[in-house]
Amino acid sequence: MTNGERSYFDPLILARLSNLYLKARWVVEGIMSGIHRSRSKGFSVEFEEHREYSPGDEIRRIDWKALGKFDRYFIKEYEDETNLRAYLLLDTSASMDYASNGVTKFDYGCILVASLAYLILKQQDAAGLVTFSNRIESFIPPKARRGYLMEILRALEGQRPAGETDVGQILLEIAGKMKRRGLVILVSDLLDEPDAILKGLRLFRFKGNDVIVFHLLDAAELDLPFDGNVLFEDMEETSLKVTADPQAIRKTYRKVVEEFVDHVRKECRENSIDYQLLPTSTPLDHALVSYLGWRG
Amino acid sequence: MSFFFLHPLYLLALAATAIPLLIHLLNRRKVKRIRFPAVRFVLLSQRRISRSYRLRHWILLALRTFAVFLLVLLLAHPIFRTGAGLFAGGGPLSAVILLDNSLSMKWSGGSEGFKQAKDAARLLISSLNDGDRAAVVPTNRFDKSPIRLKGEKEILSRDAEAVQVSAGTADFSAALARAYELLREPAAQREIWLLTDMALTGWENFTIAALGQHDPLIPLKILRIGGKEEPLNATLKEVKMRGHGVGVGLPIHLEASVVNFGDREIKDLLVQLYIDERNREQKLISVPPKAEVGVGFVLQLARPGEHQGYVALKKDGLAGNPISYFTLQAQDKLRVLVVDGDPQTALVQSETFFLARALNPAGERDSSLFLPTVIIPEGMGSVALDAYQVVVLCNVSAVPDAFLARLREYLHKGGGLLLFLGDRVETENYNARLFDSSPPVLPARIREKRTISEAAAEKIEGVETAHPALQLFADERLRDSLQSAKVHGYFRTDRAGGSTLLSLAGGAPLLVEKKGGPGRVLFFTTAADRDWSDLPLKTAYLPLLQSLVSYVAGGKRGAMDPGVIVGNPKTFTLPPSYVGKSLQVIKPDRKERGIIFAAAGEKASAAFQENDLAGVYRLSPASADIGGAAQMYPVNSPFLESRLEAIGEQELKRKLEPIRAEILDREALEKGGTRTDLSLPLLFLLIATLASEGWLAQRF
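Note that the protein sequences, when read in sequence, are chains Y and S. Residue 258 in numbering that gives the first Met the number 0 is what sits at position 259 of the first sequence, and the numbering runs on without skipping anything. Residue 485 in numbering that gives the first Met the number 0 is what sits at position 486 of the second sequence, and the numbering runs on without skipping anything.
Bound conformation, chain S alone (with noise of 0.2 Å):
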């Protein structure tokens, strides 16, 4: 049972009830003087009637203010409610009906919430009255047709019927934007109603200044969808993998999040990891309430490529989604051709031991992604380049004619060269092959070599984390483990045709990058090995080479992908030969959608915008030429959505302010109610009290 205005605007004019006061004031103030002879008959009159005068005269200025008053409230055209009170009364009504369905919809109220919004929606289509018109407005809406306000029930219970359940967050401010932006022609009157579990995650997100244009005067009804139930509420919150890269016959390291929203331990959760449609492994575990657990799961890929996988969780009358799915992109072993030019007996001494171990750090072909087979200069005429992804001249003196022919022709057909100098470095012969000839190898002129004492050697000082090569190095304590690293020997170089990755503190280039070509090319103008740098004893050591290395092999490197969240979009960037042309991404459920590439800078790049469903998403036709980008893509529903929890009433109010909330119960709408019109009594109230006041008037 309630009250409402239909223009609640004109309360302001409320105000006016002052009227009759403040002109009964200034009536007072305004005294007109007269000299009159029977001032005694005056005086005997007043006080004849002094008593029931003053009475009479605060009655009547009462029924003035009351009449004031009761006018404000006609013009504000007051509606007296019981129970949900649908559309009568009042004149035509103007709705939007917001159906929630986020994916919480799909959990809540026993799993019936969705089920029950939808029959609210139906009850309150069938309550319109003709010349009433109405919209069904789902909060997570991926079509882009417009929408209107129909009159038509049929149309508008389809309208109402077609709407799913989404995989994402509800978008209130969109919802309720849409929802205003459709109420903006004028009507006798406007309503919007709420059909929602008002779950927390989706208001978290709201904010009033988000929601742009709104008229506050327009009511909005929500009605709450789900009853007290408190059922076991868990989801996956992510996948994560342990370790860098995912290689064939590498273990792979996976890690499920499991989160337990309820107050109660969720015992024997089964949870379960699927590989390209197989289930690998498979735990029972006990969830504390309000708790995450982490579940660890091993895996060895056969094959290389692209693996679509998911972790599920399974548990009778489990509420909260219980599916997160990833994808892995398994890389074949990276063969590393490593020269050793100052090959030692005793291995520790070699000058490629300790690259060795960091591209392989147990030395079995199995255990690492990196495959490094070490040679010494004398095969360097020999060898077949063309077998290795990667080459690493170590402390070469001199690079031979035969040999920088087909380290040209290898560079030129995308390989990549790591070159670290040494005391055996001869300049002049590096420079007239590597850097005067064409095309040069080098990225910079190799001039004076300068060794210091251990004690003077420089630190490592700037180091470009925003280079692909050396993203690992954000990470702060690998950054100063890199950094403090000294170098107490060096070649100088020119910095012409390079840029600088790591520098010292002196200000000499440590690591630079020789631009142009197809072949990637890393230049370290110290030595490999611990000669002229304790840099191969520090931790930093074997991220960086095996970063250089995966870089210079042109970032081809397994990684797992956990994918985008539902409604964000995917970026796709392909090489630039696919600027203008088309691509189809086939969406979990068979759909096929269109994309376009577009040049961005040196890439041709498209994002896909309807990831509206949870699953795998794959680019068609599959191609092996985009530059090894991954051809599928998974998108998770954000794990909070799963949380149940509802918005209290209160906090949800102060968050919509100032727009008018009213929350009700599902069951308030099932019972009905009535809307009664109050304005007919009011006038006859009006009318009642102006002719009071006029006869109590003419008795003064």
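One chain only, chain Y, in its complex shape (with noise of 0.2 Å):
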């Protein structure tokens, strides 16, 4: 990938675009100038090879027409026809409100919930929206339908990070309201009790979906880069403060951080669950391939 290319991606350069549509459309397309289609096939409208019978296949898959004019059985083969039903989960909390580098968490958060839109519609898929803080602040069920995508980009615009985080509390109620068993990506800085969200993923993958985790943290929340005596303030919970000297945590606050994302991944493997750890620094690409990935 070229210079050039990368720019696509750059967080930086994407936050300065105004529009999210547009955000979405210069990740994807720049991603998907890269990469050929899928290869997987299934029922779609449009033909794409005959192959002969095998013991096996479906009778109605057989061509007739073909058997009519060549006296053998062949099997007309369709371009893969996608039935995901996707849902995009974004933590809008106080705390995706952070950034030490232009981004904050929620910028990012929502470029990439909406090029996960613009990808997963593109497709023909159908992707639906949930925004959360310690409550559901919008639900957008999953549809396939053409111009769904400014349905669920009007809905990110209109989000401004506030309110407490109780993500596992969210799950287990978003769970609750999934009718269909689907893809559910999850975007969100996880600061909250580990084993309830893992308690919720679970209930999402119990109910059989497959479920991508999109870990967000800012580079400071994993470096804790600051110097002198320095009382930290917790962006959601205004009570909590701590007077530290963050030159001599910062060795034990790694490992700390490090010790709760190695936990987070652990139990995500243990059910399987895609897990995707995303510094807000990261290019938008990775998260999408990371997606397509999963997809391919």
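Some hints could be false.
[To be verified] Here are some of the chain S residues that sit facing chain Y, going by a computed Cβ distance under 10 Å: (1) 40; (2) 42; (3) 366.
[Claimed, not checked] List of simulated lysine-lysine pairs, DSS-like, C-alpha gap at most 30 Å: (4) 240(Y) - 282(S); (5) 250(Y) - 31(S); (6) 314(S) - 114(S); (7) 537(S) - 332(S); (8) 289(S) - 652(S); (9) 458(S) - 514(S); (10) 250(Y) - 29(S); (11) 448(S) - 458(S); (12) 254(Y) - 652(S); (13) 206(Y) - 265(Y); (14) 240(Y) - 29(S); (15) 282(S) - 266(S); (16) 149(S) - 114(S); (17) 254(Y) - 29(S); (18) 121(Y) - 68(Y); (19) 117(S) - 652(S); (20) 143(S) - 569(S); (21) 602(S) - 569(S).
Because the hints were derived from the structure by calculation, they are not lab data. Cβ coordinates follow ideal geometry from the N, Cα and C atoms, glycine included.
Two chains, two separate frames, one set of hints: put the complex together.
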């Protein structure tokens, strides 16, 4: 990938774009120009090729016209027809409003969700959106309709990060609302009790959903790059304050964060959940490639 | 074993050890607020490291404080010393060795004190390293030649060897001032060594204020000479003469005061009196501990003039100055012509009865310095005045012309005249012959006679005790006696031409001196007997008459001179003809020093400063033409210099504050010891501390 192509996915550049649609398109078109179509075959309206019948193939897929013409049984193969229902879950709690490098986790999450929605709908799949803090802020059920993207984008643009996080509880709540199984993509900083979060994610899996977790963290949250004596005030729970010397605790802090991430990653792996840690400095194609990897 | 700093002023920077703590406190106060989403992770980290973090934090703070402390110590340049710690390490040294050569050093340490001090000085000199410089400065020094710091050990040793015990008290102020002056030049190390017996007397006179400019940062090391032995410690405090005047053939009563400074009684102490190098008398005495005993001697001198003498103590093992010098100036008898203007057949009623007895109380030739001859006025015409030093006229009615001419000539030659008036005096005759004629003899014109009742008599009030003739009456008891006398008859006088020495309560002059002319004239406005006053009955009458007669005779009274104390100047006052002239002073060691006389009022005066030896000093060439002044004088050591009692260490240190004084025993110097410069080990320690601090800081 060239430097010019990289700029498609630079969060800082993307953040300067005013329109979320443009941002999503920018990202998706950028990535799609570098990959081929899906090779998975399935029910689709577009014919692709014939192949000779072999026992076990469905009778209804035999091309009777070809039988008359060639006196041999051929099976018609079409380009894969998708029936994916994707739920895009975006954390909009106050902690998502943090940015140490110009792009808040919320902005990053919005672009990511928009890009995913664009991509999903472009592939004829159904995409829906759920934004939440400690309650569900908006719920747009997944549909594969043309123009549905704009509805999702409008919902995203109308959101501002606020309130506390209660990811675990919200996941349980959303799982209850889902009528059909599909793909659940959670975009959050997961700054909540990890066991509660994992409990919610397991429920999704239990109901037969596929789950992808995009764990957004700011670089400062990973490294704690501050100096001097600092009074840390929590962005959600205002009563939570602590004075610390970042220089003195940095090493331990990194270890704590690493342990947290490792714990979540391990639990996800054990529950067949795709987990992707995304520092907000990470180009967005990483996330999309990760999604496409799953989809492919 | 001790520890000191070459540059202790830097220790003030120890306050900087508080800087790490202050920075810590300031940082704690300067808190930056940050809104942060992952505070729970911060909190968790904080909890996890809390204990070890705090421990490391305090260790870090301690290391930083310790590093500053070490840095300050390094700047102050610490030296560790064992024993006396001679000069080694710490860079080139400038040292001044003050050698106490006061008289007490002669007896300190079992009479080995001064030798021990010199040995110590030699040891110090031999310990000097290349590049070091030193000077040997005696505490008692009359030599004005400059002293400088030298690096040549041989020369320094010779300097130390040349110092001799002086006869005086140590002048520590001057010696220390000289040492500080010598050490004014910068040097890596500067030290003053004082080798002394710490005798109390020298330090009693010392004050830090008298020292003047000094540098308290220069260490002063006092090496105590002498041991704990307690020798018989006695000396002669003084030799006094009882009575007034020293006359040929008259008994002279001398009293020597012997002081025992020790805690033991001194028995069989031989006290000898020497006059003109001859032993005239000796006595054996015992002196109780811490006591003073007077020893009396009586002697007679066969010839007039100056005599030298001394009292000596003799006893084996006696520590202390055993000799006290004095001189005696023996006066031949003063011949006094007394003219009795009112002679009576009953002597007691005679005008001169009291006066003659005041001058010679026993009435015998060899019993008084004064030899009065009483004549009646008729004898005035033929008497040879030159045979007398003083003429006293008492109530003489008139002065014959022939006598007046001879009297003028007599006064012109320097003779003395004492005039008493009385009821027989013809004032017109006196005024015409003695006042109106030229040159006048009387200091004032005699006016009317004033006689009052005894009940209304006037007391003597004004007494000019500053006048040489009345100096005796500075004594309160004598003055009281004089002022108790009542006068009920006297002549009024004009005040012009004289100065009033005695005056009555009403202000009328009683005794007037005529000024001008070679001869001295004193004029009493009352009578010499009891007719007009009760003065002859007073205790003061005898000393008054003797003093007045001595004065008008030219002040020539024999006297004893106890001399001056070593180190003090002797002032000579000679006739004005000596102004600009030079005389030699021969010291007891036969060395001669010149003095030049300068004008001082109507006299010639010179002061001789170099009285550094005890003994008798003489003026040379001897001359009779020095107005009766003594041509020899004694110089004695201060008697307290014989006191071997040492000042306490704490007391001495207190006196020397803020100078850093360290008191060492001689043994410490002999044992030597080493001095180690702690700079390098401290530097290594500082580097190690900084490295530890850096390592620990990285761990945070």
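Straight-line Cα separation of residue 206(Y) and residue 265(Y) no greater than 30 Å? 20 Å, holds
What's the verdict on residue 117(S) and residue 652(S), does the C-alpha distance respect the 30 Å limit or exceed it? 24 Å, holds
Does the structure keep residue 250(Y) and residue 29(S) at a Cα separation of 30 Å or less? 23 Å, holds
Interface restraint verdict for residue 40(S) against chain Y (beta-carbon cut-off 10 Å): Holds: closest Cβ of chain Y sits about 5 Å from residue 40(S), inside 10 Å.
CA of residue 537(S) to CA of residue 332(S), is that 30 Å or under? It holds: about 25 Å lies between the C-alpha atoms, which stays within 30 Å.
Restraint check for residue 314(S) with residue 114(S), where alpha carbons must lie at most 30 Å apart: With Cα atoms ~22 Å apart, residue 314(S) and residue 114(S) stay inside 30 Å; holds.
Restraint check for residue 240(Y) with residue 29(S), where alpha carbons must lie at most 30 Å apart: 16 Å, holds
Does residue 652(S) sit within 30 Å of residue 289(S), going by the straight-line distance between their CA atoms? Holds. Residue 289(S) to residue 652(S) sits at ~27 Å (cutoff 30 Å).
Holds or violated: residue 143(S) and residue 569(S), Cα atoms, limit 30 Å. 18 Å, holds
Take the C-alpha atoms of residue 250(Y) and residue 31(S), compute the straight-line distance between them, and say whether it is at most 30 Å. 20 Å, holds
For the pair supplied as a hint, residue 448(S) and residue 458(S), is the alpha-carbon distance within the 30 Å limit? Distance of about 17 Å is within 30 Å: holds.
Per the CB criterion, is residue 366(S) less than 10 Å away from chain Y? Interface hint status for residue 366(S): violated (107 Å vs cutoff 10 Å).
Of the numbered hints stated above, those contradicted by the structure are hints 3, 4, 12 and 18, listed in ascending order.
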